[in-house]
Amino acid sequence: MSLKAELKTLRARLEANRSPEALAIMHRAVEDLRKSGTTDRILRVGDRAPDFRLPNANEELMDSRVLRAGGPLVVTFYRGRW
Amino acid sequence: MALQAIQPDLAALGASLVAISPQLPEHNRELIRTRHLTFEILTDRGNEVASRFGLRFVLPDDLHKLYLTFPLDLEKFNGDASWTLPIPARFVIDQQGLIRYAESDPDYTTRPEPDDTLAALRTLSPARRA
Chain A
1 MSLKAELKTL RARLEANRSP EALAIMHRAV EDLRKSGTTD RILRVGDRAP DFRLPNANEE
61 LMDSRVLRAG GPLVVTFYRG RW
Chain B
83 MALQAIQPDL AALGASLVAI SPQLPEHNRE LIRTRHLTFE ILTDRGNEVA SRFGLRFVLP
143 DDLHKLYLTF PLDLEKFNGD ASWTLPIPAR FVIDQQGLIR YAESDPDYTT RPEPDDTLAA
203 LRTLSPARRA
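If you're matching them up, the sequences are chains A and B in order. Residues in the first sequence are numbered consecutively from 1, following the working numbering. Residues in the second sequence are numbered consecutively from 83, following the working numbering.
Isolated chain A (complex conformation):
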C-alpha cells in the first residue's frame, strides 16, 4: 500500500463514526498545537539527540548508544495503536 493510500485508510480509521462535534475538537487540538509555539522546541538537524534506554515489546531495555553504534538510527515517535 502506498503512503497516500495508507494515510487515507489511517484517517478513515481515526475519524470513522465521529460526530462533527468530536471532529471539531480533534481538529482544533491539532491547530492549537501548531499555533502554541510547542513545535518551536522540537529538536532540529544539527542538534545532539538525547540518548535513551527504553523497554521493547518484550520489556528488554534497548540503549540508543548501542542501536546507533553500527550505523545511523531512524527514530519514529507515534501516539499509539488505538
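Hints listed in this document are in silico derivations from the structure and should not be mistaken for laboratory results. Bear in mind that the values here come from a model prediction, so they are computed numbers and not experimental data. Accuracy of the hints is not assured; some may be wrong.
As the list claims (entries may be wrong) - To spell it out: a stretch of chain A is covered by chain B in this simulated footprint if at least three of its residues, at any positions, have a beta carbon under 8 Å from a beta carbon of chain B; those stretches are:
no., segment
1, 6-15
2, 39-48
3, 53-64
4, 69-81
As the list claims (entries may be wrong) - Not the full set, but computed from the structure, chain B residues with beta-carbon under 10 Å of chain A:
no., residue
5, Leu85
6, Pro90
7, Leu99
8, Arg111
9, Ile123
10, Asn160
11, Ala163
12, Phe173
13, Gln178
14, Ala201
Stated by the list, open to error - Below, in silico cross-link-like pairs of lysine-lysine (DSSO-like), each with a Cα-Cα straight-line distance of 27 Å or less:
no., chain 1, residue 1, chain 2, residue 2
15, B, Lys158, A, Lys4
16, A, Lys4, A, Lys35
17, B, Lys147, B, Lys158
18, A, Lys35, B, Lys147
19, A, Lys8, A, Lys35
Backbone N, C-alpha and C fix where the C-beta goes; we use that ideal spot for every residue, glycine too.
Knowing the structure of chain A, use the given hints to seat chain B on it.
Okay, now just chain B, sitting in the frame of chain A:
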C-alpha cells in the same frame, strides 16, 4: 505501517529503526504480532524521552474528555496518568549522536514520507548506497 515496507532499504543502508510510543509493551506486542513488524517498538512511559526531543504535549481538557467517550482511557492504555502524547515525528541520528534529519507534524493523520528518510540516510552512507 509504511515503515515496515522500507525495512530492506534501511538494512541495505546499514541503518536500524525503532519506533517509540507511550503505550504499554503489551500493546506493542499486539501490534508486532498483528502487523508482522520486524523492528523494535519501545515504550516511553510518561513521554519522558519525547519531552527531551521537544515532542511532549498535554491533551487539552475537551480532547481528554472526548477520548474517554470513545472509549480511550490513555491513563490505562499508557500506564501513566499524565494524559500526554508525543507530536508524531521522525529523526535520523548518526553514529556520533547528531540529528541529520528531522520531520514532525502535529496532524495525527499525516506521516513523514519514507523516501525522504531514505534520501537522508543515503547522504550519510554514500559507500553503501542501495
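Violating hint indices (sorted, rising): The structure breaks hints 6, 11, 14, 15; every other hint is satisfied.
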